[in-house]
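K.L.:
Residues per chain, in single letters:
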Amino acid sequence: MSQEFEDELSAEERRALGGLVREKMPPPVLEERVVETLKRAQLLRPSGSVWRPRAARLGLAVAASLLLFMLGAWAGARWASRPEGKPVAPGFMLLLRSAPEQEQPRSSDAVARRVAEYGDWAGQLRRQGLYVDGEKLRREARVLRGTDARAGVSESPSDAGADAIAGYFLIGARDYEHAVRVAEGCPHLKYGGTIEVRQIDKF
Amino acid sequence: MDSRDFINKADQVLVERFMRTKDEATFRELYRRHTPALYPLALRLVGGSEGEAQDAVQDTWLRACKTLSAFEWRSSLRTWLTGILINRVREMNRGRAHRNEEELTEGRLEPTVQPRGRMELEQAIARLPTGYRHVLVLHDVEGYTHEEISARLEISVGTSKSQLSHARKALRGMFQGRRGTP
Chain A
1 MSQEFEDELS AEERRALGGL VREKMPPPVL EERVVETLKR AQLLRPSGSV WRPRAARLGL
61 AVAASLLLFM LGAWAGARWA SRPEGKPVAP GFMLLLRSAP EQEQPRSSDA VARRVAEYGD
121 WAGQLRRQGL YVDGEKLRRE ARVLRGTDAR AGVSESPSDA GADAIAGYFL IGARDYEHAV
181 RVAEGCPHLK YGGTIEVRQI DKF
Chain B
1001 MDSRDFINKA DQVLVERFMR TKDEATFREL YRRHTPALYP LALRLVGGSE GEAQDAVQDT
1061 WLRACKTLSA FEWRSSLRTW LTGILINRVR EMNRGRAHRN EEELTEGRLE PTVQPRGRME
1121 LEQAIARLPT GYRHVLVLHD VEGYTHEEIS ARLEISVGTS KSQLSHARKA LRGMFQGRRG
1181 TP
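Going down the list, the sequences are from chains A and B.
Residue numbers 1 to 203, in the working numbering, belong to the letters of the first sequence in order.
Residue numbers 1001 to 1182, in the working numbering, belong to the letters of the second sequence in order.
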């Protein structure tokens, strides 16, 4: 800095400026305003709905119609004659279960760390070509049960008091042994969760 | 891996998920992680107007979501968002006609009472001319270097230093105005 601008802050001034609030949450109404703005701009989809890019929607509608027509024929042919093509790598679902107290870390830093940890693990699987998909699931649920008359719907998991499904990963693996070895590396286990490995039953 | 790496990694996980799903809950998570830092900066840059600060934060998120796919993680998400915010505030200032900053010089700023706390200091910063205020907030509060300010505000490093010097003098002038009075 040249002599002209040499007017360094005193220790007291530095303390005063350094003591200003660096983080402050704005009124909650702003969050709602931002979310609504993004929805209007079609940059955001509401939770619980399926997002489709704007350009894809029309094509999707047309494709869905065609699919309805084609599905019957396809399904009939498939049941009648199983194709003998190249074997498809088996898919495995890792169902991550945890008790409510295990699901949410107490601090936001801890949440960030856990998200990063699960993300790292998923990244490793991706690099190995094993990762297909994965999501965390909210604990709230709608459970439908078939009865003689009509389906009954309840608003919590059937096993509300026990370990509920907290998320899933869909992976590719050679066999159960391989899938279990992959699952053993998941950070979910060290947080006291359980992982159920289920092979996808392709027909 | 230090805490910043964790935070960046967590941001990457969230952004990746958001890009894939456009999910509202994921966006809210990102919003709540970064808005508490963006909002006070916006408040200071606009000179204390909550309405303008909220507009700036809203526009920041709107622009961020529109251009997120082009973000290459050469900086942290927080730094990127802050850059968008600063640009937005500068645009808002350009559009604001007849701002009286040209009339305000360090010698003509009205003295105020001795600072008794953060509130007085915030008010004094808010009363600074826009150019002075931006440089002072970025340098003395946010910790930017003159080179970074030069790039962000599209001014020369010399101008940044000069503005900071004037800003500090103006600020001192406000607090020294009544020094010695009971």
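Hints are supplied without guarantee of correctness; some may be wrong.
If you only want the chain B side, here are some residues facing chain A, beta carbon under 7 Å, derived [claimed, not checked]:
(1) A1037
(2) Q1058
(3) R1168
It should be emphasised that the hints constitute simulated quantities derived from the structure, not laboratory data.
Even glycine gets a Cβ: it sits at the ideal position worked out from N, Cα and C.
K.L.:
Taking each numbered hint in turn, which are not upheld by the structure, reported in ascending numerical order?
P.N.:
Checked against the structure, no hint fails, so every one of them is satisfied.
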